[in-house]
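Enquirer: Protein chains in written order, with our numbering: chain A, 85 to 418; chain B, 85 to 418.
Among the clues, some could well be false.
Remember, identical chains collapse to one label, so a pair may be satisfied in a single copy or spanning two.
Here are the simulated lysine-lysine pairs, DSSO-like style, with alpha carbons at most 27 Å apart [said to hold, decoys possible]:
| # | residue 1 | residue 2 |
| --- | --- | --- |
| 1 | Lys-336 | Lys-155 |
| 2 | Lys-273 | Lys-155 |
| 3 | Lys-354 | Lys-205 |
| 4 | Lys-117 | Lys-346 |
| 5 | Lys-410 | Lys-155 |
| 6 | Lys-155 | Lys-112 |
| 7 | Lys-155 | Lys-279 |
| 8 | Lys-164 | Lys-346 |
Calculated directly from the structure, the hints in this document are not laboratory data.
2 protein chains.
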Amino acid sequence: MIKIIVDTLGGDRSPYANIEGAVTALNKIEDLKIVLVGHEADIKKELENKKYDEARLEILNADDEITCNDKPTEAIRTKKESSLYKAIELLRTDETCGGLVTTGSTGALLAGAVLRVGRIKGVKRPAFCPIIPTMNQSVVGLCDSGANVDCDSLQLSQFALMGSLYMELAHGIKNPRVALLNVGVEAEKGDMLRKEVYEILSNDERINFVGNMEAREFISGDCDLVVADGFSGNVLLKSTEGACLNMLGMFKGVFFKNLKTKLATALLKKDIYEVKDYMDYNNYGGAVLLGASKTIVKGHGSSKATSVFHCIEQAYNMEKSGLRSKIAEAFQKN
Amino acid sequence: MIKIIVDTLGGDRSPYANIEGAVTALNKIEDLKIVLVGHEADIKKELENKKYDEARLEILNADDEITCNDKPTEAIRTKKESSLYKAIELLRTDETCGGLVTTGSTGALLAGAVLRVGRIKGVKRPAFCPIIPTMNQSVVGLCDSGANVDCDSLQLSQFALMGSLYMELAHGIKNPRVALLNVGVEAEKGDMLRKEVYEILSNDERINFVGNMEAREFISGDCDLVVADGFSGNVLLKSTEGACLNMLGMFKGVFFKNLKTKLATALLKKDIYEVKDYMDYNNYGGAVLLGASKTIVKGHGSSKATSVFHCIEQAYNMEKSGLRSKIAEAFQKN
Numbered sequence: 085m086i087k088i089i090v091d092t093l094g095g096d097r098s099p100y101a102n103i104e105g106a107v108t109a110l111n112k113i114e115d116l117k118i119v120l121v122g123h124e125a126d127i128k129k130e131l132e133n134k135k136y137d138e139a140r141l142e143i144l145n146a147d148d149e150i151t152c153n154d155k156p157t158e159a160i161r162t163k164k165e166s167s168l169y170k171a172i173e174l175l176r177t178d179e180t181c182g183g184l185v186t187t188g189s190t191g192a193l194l195a196g197a198v199l200r201v202g203r204i205k206g207v208k209r210p211a212f213c214p215i216i217p218t219m220n221q222s223v224v225g226l227c228d229s230g231a232n233v234d235c236d237s238l239q240l241s242q243f244a245l246m247g248s249l250y251m252e253l254a255h256g257i258k259n260p261r262v263a264l265l266n267v268g269v270e271a272e273k274g275d276m277l278r279k280e281v282y283e284i285l286s287n288d289e290r291i292n293f294v295g296n297m298e299a300r301e302f303i304s305g306d307c308d309l310v311v312a313d314g315f316s317g318n319v320l321l322k323s324t325e326g327a328c329l330n331m332l333g334m335f336k337g338v339f340f341k342n343l344k345t346k347l348a349t350a351l352l353k354k355d356i357y358e359v360k361d362y363m364d365y366n367n368y369g370g371a372v373l374l375g376a377s378k379t380i381v382k383g384h385g386s387s388k389a390t391s392v393f394h395c396i397e398q399a400y401n402m403e404k405s406g407l408r409s410k411i412a413e414a415f416q417k418n
Numbered sequence: 085m086i087k088i089i090v091d092t093l094g095g096d097r098s099p100y101a102n103i104e105g106a107v108t109a110l111n112k113i114e115d116l117k118i119v120l121v122g123h124e125a126d127i128k129k130e131l132e133n134k135k136y137d138e139a140r141l142e143i144l145n146a147d148d149e150i151t152c153n154d155k156p157t158e159a160i161r162t163k164k165e166s167s168l169y170k171a172i173e174l175l176r177t178d179e180t181c182g183g184l185v186t187t188g189s190t191g192a193l194l195a196g197a198v199l200r201v202g203r204i205k206g207v208k209r210p211a212f213c214p215i216i217p218t219m220n221q222s223v224v225g226l227c228d229s230g231a232n233v234d235c236d237s238l239q240l241s242q243f244a245l246m247g248s249l250y251m252e253l254a255h256g257i258k259n260p261r262v263a264l265l266n267v268g269v270e271a272e273k274g275d276m277l278r279k280e281v282y283e284i285l286s287n288d289e290r291i292n293f294v295g296n297m298e299a300r301e302f303i304s305g306d307c308d309l310v311v312a313d314g315f316s317g318n319v320l321l322k323s324t325e326g327a328c329l330n331m332l333g334m335f336k337g338v339f340f341k342n343l344k345t346k347l348a349t350a351l352l353k354k355d356i357y358e359v360k361d362y363m364d365y366n367n368y369g370g371a372v373l374l375g376a377s378k379t380i381v382k383g384h385g386s387s388k389a390t391s392v393f394h395c396i397e398q399a400y401n402m403e404k405s406g407l408r409s410k411i412a413e414a415f416q417k418n
């Protein structure tokens with residue numbers, strides 16, 4: 085049995101989406117236990133008309149919430165009645181709890197993970213690794229997407245190793261192709277940091293390093309994991325998201341411009357929705373925090389129930405695959 | 085009379101697109117002189133059937149070409165018969181030549197500009213500033229987009245000042261809104277470099293600093309100039325370009341999927357082409373190298389004649405507006 089904690093507060097659609105996502109997960113995955121953390125009365129009311137195996141669901145009451153208006157590090161230190169604080173404390177102290185899923189504050193989660201949950205031995209700093217759909221119907225991981233804005237070459241090479249294990253074990257990609265985000269593809273491109281990392285990754289036999297990658301190729305599907313410092317990784321992730329959303333918006337403007345275009349769009353509807361669905365992060369999991377000593381998945385702040393379900397499924401898969409111990413093993417040899 | 089040098093070699097559509105673009109520019113701009121640099125015989129043959137004011141066109145023969153296979157710095161030092169080397173030498177030595185337009189190697193151009201042409205007094209390092217169309221029918225400048233992968237706070241604050249003057253003088257945007265690329269909007273976000281730059285820009289009265297900007301908002305139109313180090317600026321530019329092209333590709337797949345979708349697409353054709361045209365860099369100028377002691381415009385490697393024309397027009401506008409002396413003036417007071 086795998087036990088995952090689900091924070092029901094902090095997201096735009098909390099607690100409803102989080103609770104519904106948890107119930108879906110319980111119904112789809114047999115050997116899964118869930119602990120819902122949040123306002124107990126609200127949770128119970130929401131659960132009233134839902135069908136699920138009650139023996140596999142626990143509730144931990146938390147009266148307070150960390151919001152996006154709170155200063156992350158301060159909030160995780162002082163808001164001890166918040167759902168996120170209580171969830172992290174439970175994750176830290178209860179050996180039977182393997183993972184945590186939240187759609188709340190990224191900063192508070194990161195602070196809590198680093199300060200309270202701790203790292204796998206040998207890992208310098210945990211890093212966020214979201215997965216993004218590619219143009220060839222696959223996905224690409226990005227590590228780090230923003231946990232560490234200042235990085236050295238050891239950290240980047242660790243992101244490569246952890247990310248590679250994650251893509252292989254949790255996403256079933258054999259011998260994942262790992263690329264380094266850079267300003268050009270040639271080996272000598274980039275700053276001193278990139279040159280150092282290029283050298284390290286080229287000589288690490290545990291990693292299938294395919295060389296430098298320009299940001300233009302991020303979603304082309306030519307590699308399975310992109311390694312970046314948290315600053316440029318964050319720029320890569322957010323600009324891709326922004327450009328895709330803006331392009332969808334422009335086409336929407338075309339489709340609904342007038343009666344003629346609306347008629348034409350009706351004929352294209354099914355295929356356009358396929359593109360839209362394909363780009364929708366709700367159909368994928370969240371960003372995992374690799375290197376933390378427990379499994380941690382951060383869902384998008386505006387996650388719907390489907391997205392929360394996928395995040396729980398992702399945490400379950402990570403636990404089931406033994407990813408944490410595989411990372412620990414790899415870093416013991418480091 | 086403003087004299088601009090046009091390198092006719094080095095681009096994917098060279099020399100034809102470059103020559104045609106130059107002829108268009110001569111016909112549209114009365115007080116413009118052009119020097120075409122490249123294979124004289126080829127240029128003369130290409131000009132044979134074109135109508136233009138011959139008194140305003142010169143040719144400088146160059147038998148060699150710097151290609152993307154050459155190592156940039158080495159090429160600009162050794163390939164002394166190349167069109168780009170000769171163009172840069174002419175720009176450096178001929179006081180009547182104000183600017184240079186090329187669609188050739190970015191690296192060789194940068195090396196040549198820094199090593200041969202030199203900087204405006206007080207400018208630490210020149211920086212590339214391309215302009216990108218935004219969702220609200222305007223444009224946004226990005227400085228630096230890749231000339232300097234390692235930057236300090238003085239450089240970034242200089243990019244802000246040069247870029248601001250450029251957007252105002254060459255693009256007619258009064259009091260341009262300048263934003264700093266960062267991982268979050270709050271003042272305390274980012275690494276030490278970003279915090280230092282935030283402080284400097286907040287206190288510089290010559291700059292209309294609107295604060296930090298996340299990569300997601302790059303093409304939203306909320307600001308007129310984005311300031312970045314060359315590494316993350318390059319990531320921002322290329323990932324935006326890649327995501328937009330990939331989205332266009334996905335929609336193209338929908339539009340031409342089958343007979344039904346093709347019929348529907350026929351009805352949308354005009355509006356779709358408007359979006360495509362709007363996103364097409366050929367309809368905008370190139371990336372200018374701000375801070376060099378002469379005007380330098382780098383067009384896209386696959387530039388068509390229209391794009392070359394826009395690059396020449398851009399170089400002309402920069403010279404006409406006195407941008408170089410305005411930057412020199414601002415840096416004298418620095």
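Enquirer: Hint by hint, say whether it matches the structure.
Expert: Hints, verified against the model:
With identical chains, the CA atoms of Lys-336 and Lys-155 are never at most 27 Å apart, being 37 Å at best within one copy and 44 Å at best between copies. In this assembly of identical chains, Lys-273 and Lys-155 lie within 27 Å of each other by CA distance solely across copies; the values are 11 Å between and 38 Å within a copy. In the homo-oligomer, the alpha carbons of Lys-354 and Lys-205 never lie at most 27 Å apart, since the shortest distance is 49 Å inside one protomer and 60 Å across protomers. In the homo-oligomer, the alpha carbons of Lys-117 and Lys-346 never lie at most 27 Å apart, since the shortest distance is 47 Å inside one protomer and 50 Å across protomers.
Taking identical chains as interchangeable, the C-alpha atoms of Lys-410 and Lys-155 are never at most 27 Å apart, the minima being 34 Å within one chain and 42 Å between chains. Within a single copy, Lys-155 and Lys-112 get their C-alpha atoms no closer than 37 Å, and across copies no closer than 57 Å, so neither meets the 27 Å cut-off. In this assembly of identical chains, Lys-155 and Lys-279 lie within 27 Å of each other by CA distance solely across copies; the values are 17 Å between and 36 Å within a copy. Neither within a single protomer nor between protomers do Lys-164 and Lys-346 lie at most 27 Å apart by alpha-carbon distance, with minima of 53 Å and 59 Å respectively.
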